Amino acid sequence: MIQLKTFLVIGALLFCIGLFGLLQRRSLIAMLISVELMLNAVGINFLAFNRFLAPDPAVGQIMVLFVMGIAAAETAIALSIILSLFRRQRSINIEEAAELKG
Amino acid sequence: MNPTLNQYLSPEILTQAIFVLAVLVTLGGALLAVLHREIVHNIFGLATCVCGVAGLFIFLNSEFLAVMAILIYVGAISVAIVYAVMLSVPLYRKKEPRRLSKLALSFLSSALAFTSLVLIIIRTPWEPSGVTGADWSIRRLGILLFTRYELLFELISLVLLVAIVGAIITAAVVNKKEPGPGSGEGQA
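As they're listed, the protein sequences go chains A and B.
Using our numbering, the letters of the first sequence map in sequence onto residues 87 to 188.
Using our numbering, the letters of the second sequence map in sequence onto residues 5 to 192.
Calculated from the structure, these hints are not laboratory results.
Hints may be right or wrong, so weigh each one.
Stated by the list, open to error - Here are the simulated SDA-like pairs of lysine to any residue, each with C-alpha atoms no more than 25 Å apart in a straight line:
| id | chain 1 | residue 1 | chain 2 | residue 2 |
| --- | --- | --- | --- | --- |
| 1 | A | Lys187 | A | Lys91 |
| 2 | A | Lys91 | B | Leu116 |
| 3 | A | Lys91 | B | Thr136 |
Keep in mind it's a predicted model, so treat the numbers as computed, not measured.
Next comes chain A alone, as it looks inside the complex (with noise of 0.2 Å):
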């Protein structure tokens, strides 16, 4: 039971619950969280191949690292710019910010 399968579907299972939550979500915060369930995913697949498949078991672990890292930076520039959007608009909602729009 524990086996690469297992793991594949559950990252594919994590992964599009956050694209689900991604394309449904109207706030930008729960679109970032849904963001990270992603991000997530791809981070149990890795260490599911690291685990099963790869011939050196410390390079998946260090590219999961990496996720992580850029992870931290990602949340960070988008909650500033949630910040700064939602000063400008009073509202954090995707379909408000449409001023760009032509």
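Add chain B to chain A, keeping to what the hints say.
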């Protein structure tokens, strides 16, 4: 170590049970993070989900990454998102109703993506590489980070620095022509 207890709960069964528990925590947290309409509950869902993911990481022999996942996601990212929620969204604001067409379309597309991913996973003959290293220690991770992956390591520190400075500038520098925090039109 009671022998009768050992009889009923063999290590294999216990392992399987904990694995199923980790999977359920992961998926339940993810569903809570996506489906609930209250943003704070979404954040709790994200934290729960990451705890489950950390359990899965332990099953994948990566204890260090399990600790790092909890540290970074639960300890840093969730708290940062909570701060952003406190600074932005009025929780008492009326929620607009969901549009059914958007819900159905996004469910359809993500279900389609899931089906294709599962088909790919099932049909690919996964073959392990011939040689497999056995060194899972944190020591080796550290050595690799400072030898083979030194450039990437420095690069990611630089990216984090730039991201933090950029975040501060984006969030803190207020353009005077914009309506300030207290003078927006829709206060409620």
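Evaluated hints:
Straight-line distance between C-alpha atoms of Lys187 (chain A) and Lys91 (chain A) comes to about 44 Å, which puts the hinted pair past the 25 Å bound. Between Lys91 (chain A) and Leu116 (chain B), the direct Cα distance comes to roughly 19 Å. Compliance with the 25 Å bound is thereby established for this hinted pair. At most 25 Å may separate the alpha-carbon atoms for a hinted pair to count; Lys91 (chain A) and Thr136 (chain B) meet this at roughly 19 Å.
Of the numbered hints given earlier, the model fails hint 1 alone.
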